[in-house]
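Protein chains: 2
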Amino acid sequence: MSHTLGVRQAKKQKTRQALLDAALGLLEEQSLSSLGLREVTRAVGVAPTAFYRHFQSTADLGVALVEEALGSLHPMIAGTVSAAGDGDERIDRAVDLIARHVREYPAHIRFVARERNGGVQKVRAAIAEQLDRFTGEVKAELAKHPESAGWSDDDLLMLAGLYVDQMLMTACNFLEAPAEEQDQVARVATRRMRLISIGSRHWLG
Amino acid sequence: MSHTLGVRQAKKQKTRQALLDAALGLLEEQSLSSLGLREVTRAVGVAPTAFYRHFQSTADLGVALVEEALGSLHPMIAGTVSAAGDGDERIDRAVDLIARHVREYPAHIRFVARERNGGVQKVRAAIAEQLDRFTGEVKAELAKHPESAGWSDDDLLMLAGLYVDQMLMTACNFLEAPAEEQDQVARVATRRMRLISIGSRHWLG
DNA sequence: CCATGCAGTTAACAACTGTTCTCCGTAAGA
DNA sequence: TCTTACGGAGAACAGTTGTTAACTGCATGG
Numbered sequence: 298m299s300h301t302l303g304v305r306q307a308k309k310q311k312t313r314q315a316l317l318d319a320a321l322g323l324l325e326e327q328s329l330s331s332l333g334l335r336e337v338t339r340a341v342g343v344a345p346t347a348f349y350r351h352f353q354s355t356a357d358l359g360v361a362l363v364e365e366a367l368g369s370l371h372p373m374i375a376g377t378v379s380a381a382g383d384g385d386e387r388i389d390r391a392v393d394l395i396a397r398h399v400r401e402y403p404a405h406i407r408f409v410a411r412e413r414n415g416g417v418q419k420v421r422a423a424i425a426e427q428l429d430r431f432t433g434e435v436k437a438e439l440a441k442h443p444e445s446a447g448w449s450d451d452d453l454l455m456l457a458g459l460y461v462d463q464m465l466m467t468a469c470n471f472l473e474a475p476a477e478e479q480d481q482v483a484r485v486a487t488r489r490m491r492l493i494s495i496g497s498r499h500w501l502g
Numbered sequence: 298m299s300h301t302l303g304v305r306q307a308k309k310q311k312t313r314q315a316l317l318d319a320a321l322g323l324l325e326e327q328s329l330s331s332l333g334l335r336e337v338t339r340a341v342g343v344a345p346t347a348f349y350r351h352f353q354s355t356a357d358l359g360v361a362l363v364e365e366a367l368g369s370l371h372p373m374i375a376g377t378v379s380a381a382g383d384g385d386e387r388i389d390r391a392v393d394l395i396a397r398h399v400r401e402y403p404a405h406i407r408f409v410a411r412e413r414n415g416g417v418q419k420v421r422a423a424i425a426e427q428l429d430r431f432t433g434e435v436k437a438e439l440a441k442h443p444e445s446a447g448w449s450d451d452d453l454l455m456l457a458g459l460y461v462d463q464m465l466m467t468a469c470n471f472l473e474a475p476a477e478e479q480d481q482v483a484r485v486a487t488r489r490m491r492l493i494s495i496g497s498r499h500w501l502g
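So the protein lines, in turn, are chains A and B.
So the first sequence is numbered by my numbering: it starts at 298 and just counts up by one.
So the second sequence is numbered by my numbering: it starts at 298 and just counts up by one.
Hints should not be assumed to be uniformly reliable.
Note that identical chains are pooled: a pair holds if it fits in a single copy or bridges any two copies.
[Said to hold, decoys possible] Once the Cα atoms are required to be at most 25 Å apart in a straight line, the calculated SDA-like pairs of lysine to any residue come out as:
#1 419 to 331
#2 419 to 478
#3 419 to 319
#4 419 to 477
Note that these hints are calculated values from the structure, not bench results.
Sequences and hints are given; from them, build the entire structure.
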């Protein structure tokens with residue numbers, strides 16, 4: 298087990314997390330490339346220069362946020378594909394999992410959706426890498442199911458990517474939709490994934 | 298026919314276009330919410346105050362860019378779905394059309410992809426509106442084909458949205474991929490759309 | 001218990017931002 | 001031809017930005 302880190306490092310990680318949280322909050326109404334270092338420290342209530350003790354640029358902060366945001370997204374994606382039940386039942390469960398996750402960590406998925414094609418190269422690369430990892434995991438999960446017997450690795454990866462992209466877009470739609478339209482978003486997302494699932498069942502032959 | 302607009306208005310629209318072009322160029326390496334008014338005018342070689350003669354904020358400039366970027370995207374989407382030939386042939390032609398369009402207007406699609414979930418509300422709304430319009434057109438085109446007989450309006454709209462999103466993501470993948478991987482992007486995109494097409498053929502019943 | 005190291009502060013820097021006001025030249029319309 | 005309207009220039013404004021330097025207080029390890 299890890300040593301109980303000293304009071305010193307504990308305080309440091311505390312303000313570091315405060316910086317990350319404040320940044321995530323500010324990023325709900327702007328993109329990373331316009332996020333100022335002073336803006337973040339001001340929101341935390343700390344001197345601007347303290348920022349450099351933790352990150353050497355806002356781009357670095359962004360990369361750290363990618364870890365945090367997609368780290369929380371990780372178990373969701375795993376649960377999405379490995380859910381039990383038959384095809385349609387699994388899809389319903391997956392969409393529900395996505396909706397629940399969006400309600401719990403809205404800022405996380407907003408950040409990922411926004412910066413996936415955002416203006417900061419390093420952050421884009423970090424997101425792409427993590428998303429590729431997810432796609433690989435989904436592919437592995439897909440390979441376990443009997444329905445995908447005889448599939449080539451390439452085709453499995455293609456299907457996994459399709460699902461991952463679909464999940465992210467669905468999450469984004471949940472985010473943008475007002476409360477009274479959430480059900481409709483869920484219905485459309487379900488039908489989309491069902492169509493993909495049908496397509497995959499008739500892919501071979 | 299429209300009157301030949303005077304020398305005055307011609308000059309005005311010329312610098313207006315110069316502002317749009319310069320902004321589009323600058324936006325390849327940052328997002329709209331960090332684009333400065335002075336930055337744009339400096340790139341054009343015009344006084345900062347001249348900006349206000351054309352737009353009242355960079356957000357307004359962004360909305361104008363949406364019109365331009367998705368205006369150029371319009372014929373492509375139309376051609377994508379209405380292409381002749383059988384299913385697989387149509388898909389190949391569509392992917393090729395997308396690749397060609399990306400090579401011709403890279404900045405346009407980069408802008409749309411980046412600001413679709415970007416930090417500027419008005420621009421996001423403008424993009425969403427235009428994309429919805431496109432989805433409607435694709436749906437109308439889909440309805441003409443005999444394969445979609447018996448489909449409900451809702452399902453047609455769902456499928457059209459799936460295709461539109463897929464096109465945009467494909468375009469984005471072309472943009473990010475280096476020259477030697479373009480073929481692979483095309484192959485994956487083709488297989489994705491083929492799977493969707495297969496799914497749509499088995500959707501009913 | 002004391003010396004060292006480090007998180008955080010304060011002050012200052014040049015550079016940059018959006019915006020306003022005043023002015024200039026000239027195309028447009030009478 | 002004369003007046004007006006308008007695209008654009010110029011200067012100035014208060015406020016902001018990232019970054020540096022030297023400083024302070026305190027937890028840490030010997």
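Okay, the hints, checked on the actual structure:
1. 419 to 331: The answer is both: 15 Å in one copy and 17 Å across copies each meet 25 Å.
2. 419 to 478: Between copies only: 20 Å across, 35 Å inside.
3. 419 to 319: both (20 Å within a copy, 24 Å between copies)
4. 419 to 477: Between copies only: 22 Å across, 37 Å inside.
Of the numbered hints stated above, none is contradicted by the structure.
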